[in-house]
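Here the sequence shown is numbered in this note's numbering, starting from 15 and rising by one per residue.
Hints were generated in silico from the structure; no laboratory data involved. It should be emphasised that the depicted structure is a prediction, and the values quoted were computed from it without experimental measurement. Treat the hints with care, as some may be off.
What the hints assert, rightly or not - Cβ-Cβ distance ranges computed for the label pairs, FRET-style:
no., residue 1, residue 2, range
1, 92, 52, 21 to 27 angstroms
2, 57, 149, 36 to 42 angstroms
3, 109, 40, 19 to 25 angstroms
4, 93, 124, 36 to 42 angstroms
5, 149, 107, 24 to 30 angstroms
6, 44, 121, 42 to 48 angstroms
7, 81, 111, 18 to 24 angstroms
8, 140, 95, 20 to 26 angstroms
9, 56, 92, 46 to 52 angstroms
10, 74, 149, 18 to 24 angstroms
11, 54, 89, 41 to 47 angstroms
12, 140, 104, 19 to 25 angstroms
13, 59, 93, 41 to 47 angstroms
We put the CB at the ideal spot given by N, CA and C, even for glycine.
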Amino acid sequence: MSQPFATSEPVERFTGWRRVLLVACAAGLLATALAAGLGWVLDGPAAAGSAAGGGIAVVLLSALTLLIVDLAERHAPGLTIIAFMLGFVVKLVLLGIVLSTVQAPDWVSAAWAGLTALAVVVVWQTAELMAFRRMRFTVTPHP
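Modelling step: build the complete structure from the supplied sequences, incorporating the hints.
Here it is as structure tokens:
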């Protein structure tokens, strides 16, 4: 019996999502490093650590979503959009759990962490869109 959305083997094609993931990660990590450096210069090591924490949290959670999409595109191309939505929901749930249960240390600057996280989201989305624009899709007809 054939399943309409799944394949038994990885799809032998370059989907482009891996490149989107790499470009967005590089941009997000660069923005995080710049914000941490700025925090160090302006407010010291606590600000740098706060900025680094905020930026890295955004990069990890955003990378998780793109990694899920890349794996879905390679193994079950028909489920890519569902995988993307599921990854987004999982990301929001994880963020909600972390924010509501983990107590931040006293040295963390909420302003540096929050503003860096916001900046990294903007940089990440911009890099993701630019990489996505250059992506090529393989169109295969349904049998």
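>> Tell me the hint numbers this structure goes against, listed in increasing order.
In response: 1, 6
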